[in-house]
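**Q** If you want the building blocks of each chain, they are given just below.
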Amino acid sequence: MIKQYFDIKSLGLHVEPMNQLVKKTRITIAGLVLLGLSIFIFDAAINKVLAMIA
Amino acid sequence: MKQFLSSLSGNGIWGALTGGSMNQMSLFALSISPYITASIVLQLVAVFYKPLQDLQKDGKTGQDKYKMITSVTGVSLALIQSLAMAIGFGQSGLLSPYNTMTVFGAVVIWTAGAFLLILLGNFLDNFELGSGISMLLLLNIVSTLPSDVASLFTMLIKNNSIAISVTRTILIVAVYTLIIFYCVFLSTSEKRLFVTYSNRLGRNSLKTKAEFPIPLMTTGVMPVIFAGTIITIPVIVSQFVPALRSGIPQQIVKFLSPSAWFDVHNIWYTAGAVLYILIAFFFGNFYREISFNEKEIATNLKKSGGVFPGIRAGKQTEDYLRENIIAVNRVGCTYLLILILAGHVLTNNLNMSGLSFTGTSVIIAVSCLNDIANRCSTVLEFSAKYNYKSQRLLV
Chain A
687 MIKQYFDIKS
697 LGLHVEPMNQ
707 LVKKTRITIA
717 GLVLLGLSIF
727 IFDAAINKVL
737 AMIA
Chain B
4 MKQFLSSLSG
14 NGIWGALTGG
24 SMNQMSLFAL
34 SISPYITASI
44 VLQLVAVFYK
54 PLQDLQKDGK
64 TGQDKYKMIT
74 SVTGVSLALI
84 QSLAMAIGFG
94 QSGLLSPYNT
104 MTVFGAVVIW
114 TAGAFLLILL
124 GNFLDNFELG
134 SGISMLLLLN
144 IVSTLPSDVA
154 SLFTMLIKNN
164 SIAISVTRTI
174 LIVAVYTLII
184 FYCVFLSTSE
194 KRLFVTYSNR
204 LGRNSLKTKA
214 EFPIPLMTTG
224 VMPVIFAGTI
234 ITIPVIVSQF
244 VPALRSGIPQ
254 QIVKFLSPSA
264 WFDVHNIWYT
274 AGAVLYILIA
284 FFFGNFYREI
294 SFNEKEIATN
304 LKKSGGVFPG
314 IRAGKQTEDY
324 LRENIIAVNR
334 VGCTYLLILI
344 LAGHVLTNNL
354 NMSGLSFTGT
364 SVIIAVSCLN
374 DIANRCSTVL
384 EFSAKYNYKS
394 QRLLV
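Chains A and B supply the protein sequences, listed in that same order.
Each residue of the first sequence is one higher than the one before, starting from 687 at the first, in the numbering used here.
Each residue of the second sequence is one higher than the one before, starting from 4 at the first, in the numbering used here.
Hints are computed from structural coordinates only; laboratory data are not their basis.
A portion of the hints provided could be inaccurate.
[Claimed, not checked] Chain B stretches covered by chain A per the calculated footprint, using a threshold of three residues with CB under 8 Å from any CB of chain A: (1) 140 to 150; (2) 179 to 185; (3) 188 to 197; (4) 364 to 372.
[What the hints assert, rightly or not] Take a look, some chain B residues computed to stay more than 10 Å from chain A by CB distance: (5) T64; (6) K70; (7) V75; (8) D128; (9) N163; (10) F265; (11) V267; (12) D322; (13) V331; (14) T350; (15) N352; (16) L353.
[What the hints assert, rightly or not] List of simulated lysine-lysine pairs, DSBU-like, C-alpha gap at most 30 Å: (17) B:K298 <-> A:K695; (18) A:K695 <-> B:K318; (19) A:K695 <-> B:K212; (20) B:K68 <-> B:K53.
As the structure is a prediction and not an experimental result, all values here were calculated from the model.
Glycine included, each C-beta is placed from N, C-alpha and C at the ideal position.
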């Protein structure tokens with residue numbers, strides 16, 4: 687019974703080809719890193735400006 | 004106040020969704036949680052209240068009206084939530100001075116903050132890169148990344164030898180890559196049911212094939228959000244009620260606290276995870292019932308001349324659809340719970356329960372990013388084939 691949950695063929699699931707999954711994973715990681723870095727830089731800049739004003 | 008709030012918002016889904024904004028008690032302390040609550044409430048109400056159902060299906064005008072009703076409900080909920088918070092904090096001695104003016108000021112500021120974010124979300128919708136609220140949710144989640152990276156560095160890498168630091172860094176990167184790959188697999192997999200459409204063209208009949216996709220994450224992350232919210236209600240209440248912080252009530256609260264599960268030193272608390280799984284499956288099924296109207300789908304298919312091969316139109320199609328949606332939903336819930344519980348195993352045993360970017364927040368962030376990436380690629384593909392000046396298709 688447990689096996690039927692993990693046998694993708696018998697479940698009839700359409701899974702994207704491995705190269706597509708890897709490509710999307712790379713795009714997601716790049717997006718997360720870029721967004722995270724932008725927020726970090728923006729946060730640091732705002733804190734610096736607030737420190738100058740205070 | 005910060006210590007008290009970290010204990011509430013650091014754990015569970017609301018910590019991730021608000022991006023830790025509750026910790027700062029800033030203008031955006033409530034973040035977009037009132038809007039999310041309002042959309043869930045209205046979705047539930049629409050099951051029983053037909054005019055709301057009709058608005059959702061009414062085309063652009065109806066959907067704009069429905070969006071406005073959701074925004075107004077969100078602001079009303081923000082008002083109620085901020086009033087409850089201000090009074091609760093005041094009575095616990097965390098809001099000083101505790102008087103009418105302070106409570107009024109706090110309510111106005113927090114409600115205004117939630118209202119501004121709802122307006123911003125609606126404005127972002129105009130760019131047609133996905134739901135504006137999803138984008139704000141994504142930004143909230145991603146905003147916790149820098150502090151999570153700093154926490155991981157401090158806990159696992161700092162003050163260790165170079166060999167250990169490099170090995171641990173590689174392991175952390177590998178684990179997160181695997182988690183993101185798994186989330187991409189979850190959000191892109193689907194079961195495709197083949198539909199045959201037969202249309203009459205004069206004396207001839209034309210048969211076309213199409214696919215009816217059932218996404219693996221049929222109900223999205225709603226089952227784990229509902230389960231997580233319900234299971235942490237006693238934990239939150241115990242912060243305000245001192246009587247629940249000793250004796251048997253304290254043990255019950257610990258049993259329901261996700262940060263106590265899968266701890267090898269106190270393994271019996273893991274029984275709370277079993278309750279969590281049961282609640283998640285229950286809500287998965289409940290949400291599927293209210294999101295999918297198999298009867299309506301079968302009726303629309305019949306009207307447009309579509310049939311599933313070997314299945315008669317009408318009741319048989321409805322049953323066939325229901326059977327498949329239930330099966331895919333059950334599998335999707337299982338795979339989602341594996342992700343969430345694996346996250347708890349890792350964070351609880353490595354003493355990293357303060358990390359926000361785990362489990363539910365990863366899957367939400369990955370789904371939002373994938374959605375935005377797909378829309379951007381569609382827009383770019385279309386612009387490459389369409390000459391905007393002459394308004395002609397080039398290909």
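**Q** With reference to the structure, classify each hint as holding or not holding.
**A** Now for the hints, and whether the structure bears them out:
{"no.": "1", "hint": "140 to 150", "result": "holds (count 6)"}
{"no.": "2", "hint": "179 to 185", "result": "holds (count 3)"}
{"no.": "3", "hint": "188 to 197", "result": "holds (count 6)"}
{"no.": "4", "hint": "364 to 372", "result": "holds (count 3)"}
{"no.": "5", "hint": "T64", "result": "34 Å, holds"}
{"no.": "6", "hint": "K70", "result": "26 Å, holds"}
{"no.": "7", "hint": "V75", "result": "30 Å, holds"}
{"no.": "8", "hint": "D128", "result": "19 Å, holds"}
{"no.": "9", "hint": "N163", "result": "24 Å, holds"}
{"no.": "10", "hint": "F265", "result": "20 Å, holds"}
{"no.": "11", "hint": "V267", "result": "24 Å, holds"}
{"no.": "12", "hint": "D322", "result": "17 Å, holds"}
{"no.": "13", "hint": "V331", "result": "8 Å, violated"}
{"no.": "14", "hint": "T350", "result": "18 Å, holds"}
{"no.": "15", "hint": "N352", "result": "24 Å, holds"}
{"no.": "16", "hint": "L353", "result": "21 Å, holds"}
{"no.": "17", "hint": "B:K298 <-> A:K695", "result": "28 Å, holds"}
{"no.": "18", "hint": "A:K695 <-> B:K318", "result": "27 Å, holds"}
{"no.": "19", "hint": "A:K695 <-> B:K212", "result": "22 Å, holds"}
{"no.": "20", "hint": "B:K68 <-> B:K53", "result": "15 Å, holds"}
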